[in-house]
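Order-wise, the sequence lines are chains A and B.
The numbering of the first sequence is full-length UniProt numbering, which starts it at 1 and goes up by one.
The numbering of the second sequence is full-length UniProt numbering, which starts it at 1 and goes up by one.
Simulated from the structure, these hints should not be mistaken for laboratory data.
Check each hint, because a few of them may be wrong.
Using C-beta positions, here's what the derived DEER-type ranges look like [claimed, not checked]:
1) B/Pro182 - A/Ala58: 35 to 41 Å
2) A/Thr17 - B/Ile107: 35 to 41 Å
3) B/Pro171 - A/Thr17: 28 to 34 Å
4) A/Arg62 - B/Ala87: 29 to 35 Å
5) A/Glu196 - B/Pro171: 37 to 43 Å
Distance condition first, Cα-Cα at most 27 Å in a straight line; then the derived DSSO-like pairs of lysine-lysine [unchecked claim]:
6) B/Lys174 - A/Lys108
7) B/Lys174 - A/Lys102
8) A/Lys102 - A/Lys114
9) A/Lys114 - B/Lys174
For every residue, glycine included, the Cβ atom is placed at its ideal position computed from N, Cα and C.
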Amino acid sequence: MTVSLTLDNVSAHYGSTQVLKDLSLSVKAGELVSLLGSSGCGKTTTLRLVAGFLEPSAGSIRLGDRDLTRLPAHQRDIGLVFQNYALFPHLSVRDNVAFGLKQRGVGKAERDAKANAMLERVGLSAFAERMPAALSGGQKQRVALARALVIEPPLLMFDEPLSNLDAKLRVDMRVEIRRLQRANGTTSLYVTHDQEEAFSISDRVAIMNAGRIMQLDTPEVLYQRPANSFVARFVGFENLIEMTVTERNGEMVTATTKAGASLTLSQTVYGAIPDRFILAARPDGLAVRQSGEGIPVTLGIRTYLGRAYQYQCTTSTGDLTGNGPLSELLEPGAQAVLVPVPEQCCILPPEA
Amino acid sequence: MTTKLHPLLIVFAAVIFAILVAPLFIILGAAVSDTSFLTFPPQGFTMRWFTNIFDITAFRTTAITSLQVAVTGTFLALLIGIPAAYAMNRFRIRLPSWLSNVFVLPILVPEIVLGFSLVKSITIGLELPVFATLLIGHTLLVLPYAVRVVGASLASFDFSIEEAAISLGCPPLKTFFTVVLPNIGAGVVAAFILAFITSINDVSTSLFLTGPGVSTLPIQIIAHMEQFFDPTIASVSVLLMILTVGVMAIVEATLGLTFLTK
Ligand SMILES: Nc1ncnc2c1ncn2[C@@H]1O[C@H](COP(=O)(O)OP(=O)(O)OP(=O)(O)O)[C@@H](O)[C@H]1O
Ligand SMILES: [Mg+2]
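Just chain A, with the same shape it has in the complex (with noise of 0.2 Å):
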């Protein structure tokens, strides 16, 4: 049984502080959807309110005809994985994956077979008789990891789970959730602030900022069609231009800069254009060139990057990364100008 989270204009706050905003989020069934955004956005708060240690000031929060609102934290039936591991240190491996079992009055035979079962598909079944503390970090992450499974909850959640972990586990613990995960399908919440990972493991990816969720998309779509500047510099948009409409001609609309250099951009390759929007690129989306149309600018610093040249480049409103071809090696302090590169440039609405 498979069902889906849904978060309905969720407000929280901590005394009088407010740490979500009308958040809404949902989590189709059988998904894993990442939570991403940098310290302090909101992440544990979304989770612990569906978790139910925290209780939202307004809104409400369902998984699949259950409204969970209201439901006491015990009864709500939800795995979770710690970021710290959060093993009980006074029972064995077995009895810590047995504990949910138990809990819901599984009989002693079956719950040691049931986590027996459980601690084999994690490949921990050697470990099944020794206490937490005579574990790696790995391996700790995995009994939490089978502990949470056991239950077969309807939904899991995992709260940066790999973040105590080195660099290699770290990769190979998060192929194993997915595989995990996917086996199972159980609908999943996953928080991290590491960008790769959450893109590598998730169907779909909410990039949250302040208390909001800014973007709620496929990875893909993340990294090639931010919607909002916010997660258009999340995603390593570094350049941001913004820009005004000045003449509309079929397809075809010239706009200019604010220091007033001017562009022609076809709307059969970005989409519809607003009289007023921000021109967002990657240093590979904006090609240095001698000359021709395109935003002067001043070269400033050479970087070599195998592929390319990358120059930092100053303009009386702001400085530019763009890329410039290794066949033409350009001097710092040279003029030339950057001409964006149509499929790696995207249009965004103007920052309010």
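Position chain B with the ligands relative to chain A; hints supplied.
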């Protein structure tokens, strides 16, 4: 690691140690002295002062009262102290910072003052029986130890473990007993022992709270000494010492004495 000790430091330590230990030896000597008065060094050797203790009814009854008060008082203090320590650690951020100090007040207030104020409020104010008064007094006397020592082990307790249990379907109260308590067990034992020893050795507070017919062992020792200056006092002290050392030995063997200094 080899640290060179200054010879003077060794001498200094030896002197301090001698000062601490000498009275114990003197009491031990006096307890076996075959004289009808307290003296040191002992003259002759006898165990009759030890058997004498058991012949004096007052020692028997007050010893029983002392044990009853110490065990029950300590138990009550833990019953109040554990939930208090738990709440203060669990909801630390939401509680005012002075609250934890309230529970230390009985240690900071001179015991004489505590005893006197209890006389005013309980004995005179409520007119409770002497035993009940004594019990309340000792509970208050040892409560700070319960709160502090249990609090110390809760301070290093990771409360996300509690949330893990709740998320796995364990109701909050049951979680306290199945997950929290087993992990602070050592602290609870240490608190029990500290509180027990404090209670059984207390004089100043008890002095105010004992009354006609009901007294504690330490008070009885003082009363006895005022009438008879014989070695019985010394032998009782030796027995009390053995009890304390015995309890300490059990703690040391099971938990390590560092528990009491943490
Ligand atoms: N118990 C609390 N009392 C008051 N404020 C809190 C409390 N817990 C969190 N906050 C505040 O709420 C905001 C969101 O916190 P939250 O823990 O959800 O962040 P997060 O996105 O999980 O960050 P991180 O990546 O650092 O874990 C932060 O500004 C934090 O300071
Ligand atoms: Mg967090």
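Unmet hints by their number, sorted upward, for this structure: none
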